[in-house]
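Colleague: Quick note, the sequences are listed as chains A and B, same order.
Residues 1 to 162 (full-length UniProt numbering) make up the first sequence, in order.
Residues 1 to 199 (full-length UniProt numbering) make up the second sequence, in order.
FYI, nobody ran anything at the bench for these hints, they're computed from the structure.
Everything numeric in this text was worked out from a predicted model, so none of it was measured.
There may be inaccurate statements among the hints.
What the hints assert, rightly or not - Lysine-lysine pairs mimicking DSS-like chemistry, simulated, CA-CA at most 30 Å apart:
1. B:K119 x A:K3
2. A:K128 x B:K186
3. A:K152 x B:K119
4. A:K29 x B:K67
5. B:K105 x A:K118
6. B:K117 x A:K154
7. A:K161 x B:K105
Said to hold, decoys possible - If the Cβ cut is set under 7 Å, some of the chain A residues that face chain B in the computed set are:
8. W44
9. M60
10. T70
Ideal placement from N, C-alpha and C gives every residue a C-beta, glycine not left out.
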Amino acid sequence: MLKETVFTNLIREHQALLYKVTSVYTDNKQDQEDLFQEVVYQLWKYFDSFRQDSKITTWMYRVAMNTAITHLKKKKRRPDVLPIAEVFIKQNDSIDDVYEERLRLLYKHLHHLNTLDKGLIFLLLEGKSYNEIALITGLQVSNVGTRISRIKKKLKTNMTKS
Amino acid sequence: MEIEELQAAWSQMSNELEQQKKLTNDIILDMTKQKYQNKFVLVTKYETLGALVCFIISFLVVLNFNKLDTWYLQICGVLTLSFLIILPLMVLKTLKRIKNIDISKGSYKENLSLFLKTKNRLLKLQQIGIGFGFIGLLFIVPVTSKIMSNKDVFLISFKKEQYIVFTITLVIFAFFCKWAYSGYQKITQSAQELIKDLE
């Protein structure tokens, strides 16, 4: 199969993953679109360097998250305005208000975390085990556990406040 | 609201996204050609342009260095040249370092640490630039004045109005520098804390 075909199939199959990474690291639609394109470009650029010794999604998470770190924001927006959540929510009319509100709150709290905490909690939300999180982030497994429980506490405090 | 409820909302969103396969092969292939302008490319372009202006001015100062006929004007000339050459070069070098971070290698932690350190260096350089810009007035003005109109500002007696205008300009510039400097200070401070946390 052609390299292009393999790559486009891969991106099509895992586009949800990319949407989620880019939505966590940006707070408006324009920035998200820019980051999405940058991530796809970087994945293509390093596609040949992917070795089969890890899962393709692990490699994709790593490249996408590493790209997000160096992504520059266009300008600062008010942190509480989260149109990015609407990008997902408004695509389906049947979605209930409670879910919409939860998602809005989730993004609000995620965007208040620092880059490292954001990455860790994102991977946790994605259902990754501490081992997988350690593999992607380069932290030690025990460190991942400690940090995550600290972030959970922080999130809980923030949620209680708001 | 509990964290578990947020996790449930995230899972629901993930399921819905899985069903929305909107990208076509053409769109994906378009993205691989990097048609849009990467923001770092844009920043580098502006910084390169700024550096070029600095280099052209320093070239003119070198060409006219013989017009600086006293020891203090020559010192001002050397300081002006250093300011116009060293700082832009260091900024460009730092930008190149950021651009060259190989995101396919290294973990999230390593890349984040490297990026924050390099970004901090860039911000510090810009901070120094602002500080020097203020002090720089004291040595750049005599050099340009001597080269452009052959006047030694250290020997000219100014009118009262000229002193007032100069003082007002200095005060406004000082306020601007203080504002910009503290802005950078806040950003570098939070990055520094995260670097410490990573180590």
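Colleague: Indicate, hint by hint, whether the structure satisfies it.
Modeller: Consistency of the hints with the structure:
no., hint, in the structure
1, B:K119 x A:K3, "35 Å, violated"
2, A:K128 x B:K186, "34 Å, violated"
3, A:K152 x B:K119, "28 Å, holds"
4, A:K29 x B:K67, "56 Å, violated"
5, B:K105 x A:K118, "20 Å, holds"
6, B:K117 x A:K154, "26 Å, holds"
7, A:K161 x B:K105, "40 Å, violated"
8, W44, "4 Å, holds"
9, M60, "11 Å, violated"
10, T70, "5 Å, holds"
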